[in-house]
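Number of protein chains: 2
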Amino acid sequence: MKLGEGVEAAIHCASMLAGVDGNSTMSGAAMAEAFGLSPSYLLKHLNQLTAARILESVPGPAGGYRLARPAERITLLDIVLAVEGKEPAFRCGEIRQRGPVKLDASAYVKPCGINTAMLKAERAYRAALAETKLSDIVANYAAEGDPRSIAASCAFVERHQRPQKSASSKQI
Amino acid sequence: MKLGEGVEAAIHCASMLAGVDGNSTMSGAAMAEAFGLSPSYLLKHLNQLTAARILESVPGPAGGYRLARPAERITLLDIVLAVEGKEPAFRCGEIRQRGPVKLDASAYVKPCGINTAMLKAERAYRAALAETKLSDIVANYAAEGDPRSIAASCAFVERHQRPQKSASSKQI
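Going line by line, the protein sequences match chains P and W.
Numbered as in our numbering, the first sequence ends at 1096 without a single skipped number.
Numbered as in our numbering, the second sequence ends at 1096 without a single skipped number.
Hints listed in this document are in silico derivations from the structure and should not be mistaken for laboratory results.
Please read these numbers as outputs of a predicted model, since none were measured by experiment.
Heads up, some of the hints might be wrong.
The list makes no distinction among identical chains, and a pair is therefore deemed to hold if it is satisfied within one copy or across any two copies.
[Said to hold, decoys possible] In silico DSSO-like links for lysine-lysine, alpha-carbon gap of 30 Å or less:
id	residue 1	residue 2
1	Lys968	Lys1026
2	Lys1034	Lys1057
3	Lys1057	Lys1089
4	Lys968	Lys1089
In isolation and in its complexed conformation, chain P is listed as follows (with noise of 0.2 Å):
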C-alpha cells in the first residue's frame, strides 16, 4: 500500500496558504521553489485541490492559490481524498465468485467478510485523519517547528503573497 508522493506535496502547500495574508495568493511557481518540486508536477495536485474546493484558484497575471475555507475547516482526509481519489484502498474483486460451481447471485448479496473487515480498518484510517485539521498542522509548526525553519518559511510567504483586491471566500 502506497500513497502517491502527491499528498505530501498537498499538504505542505496547503500549509503555507494557511499563512498568507487575507486574502492574497501564491503562485504554482512560487510554491514548487518553497519545496524543490517541478511546477508542472505540482500543477497537477494543485488543480485536485482545486477541484475539491479546498484551494480556489484566481486567474491573472498577480493571481494564483488561496485557501477556499478556514484552515479549521480543512482535514487531512480532505486533502488525501482529494489527491488520491475517494476509493478505498481495498478493492473487492469478488474473487469468492469465481470458484468452479456456479452459485446464483442470491448466494452472494450480503457483502463477503473480508471485504467488510478491512473497509472496517479503512473507516479507522479516515477517521484518524478527519480528526486532524490543516490549523492543527500549522499550530503545530509554529510550536514544535525549529525557529529557523520557521524564519524561513514566513520571509518566503513574506516575498511570494500576492495581495488581490477580490474578496476572498475564505473569510465567508
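Take the given structure of chain P and dock chain W to it, following the hints.
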C-alpha cells in the same frame, strides 16, 4: 491509495486453508481454481505468505500449503504486511528540506508534523487490521455466509485437501 489485488487473494486462500483437516495441505493450483485466479499469479502471493511464516509449504507431489500457525494467531495485518510490505503508506520525502533557503541539518531533527500526523492515521489502520483474526473471518463466514456457498466451499476443500504423514507446526 490502493492495496494490490493480492491482498484479497491472500486472505481468501488463508481462510480456505483454515478449513483443511489436521495437517493436510492444499495445492496452489487448487486454490487458484477455487478463486478463478492464474496459478502463477497466485504463487507469488503464496510465496509471500510462506516467507512471512503465515503459511508453510510442504514439498513433493502430494505437498502444498497449510497454515503455519492456528488461525487464531493470524491477523489481517499479518497478511496485509506480508503481501504489501511493511513500509507505511505515507512515505515522507522530506520536501520541507528542499526549499531555496538551505538550513543546517540540525533544523530538521524533529520529524515533520505532517509525517507524524499521517503515521498516526496509519497506526489506527494497522490497529484495526490487527484486531481481526483469520479465525474471526472464518467464524463470520460460517455464521453469516450463504449456506450454498458454504456447502460448495466445504466440498471443494474436502475434494482437494491432501492428508500428510508429516506433523504440522500448526498444532504446536
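Here is how each hint holds up against the structure:
1. Lys968 x Lys1026: For Lys968 and Lys1026, only the inter-copy Cα distance (26 Å) is at most 30 Å; the intra-copy one is 45 Å.
2. Lys1034 x Lys1057: between (36 Å within a copy, 20 Å between copies)
3. Lys1057 x Lys1089: within (28 Å within a copy, 59 Å between copies)
4. Lys968 x Lys1089: Classified as within: same-chain Cα gap 26 Å, cross-chain 60 Å, threshold 30 Å.
In summary, this structure violates none of the numbered hints.
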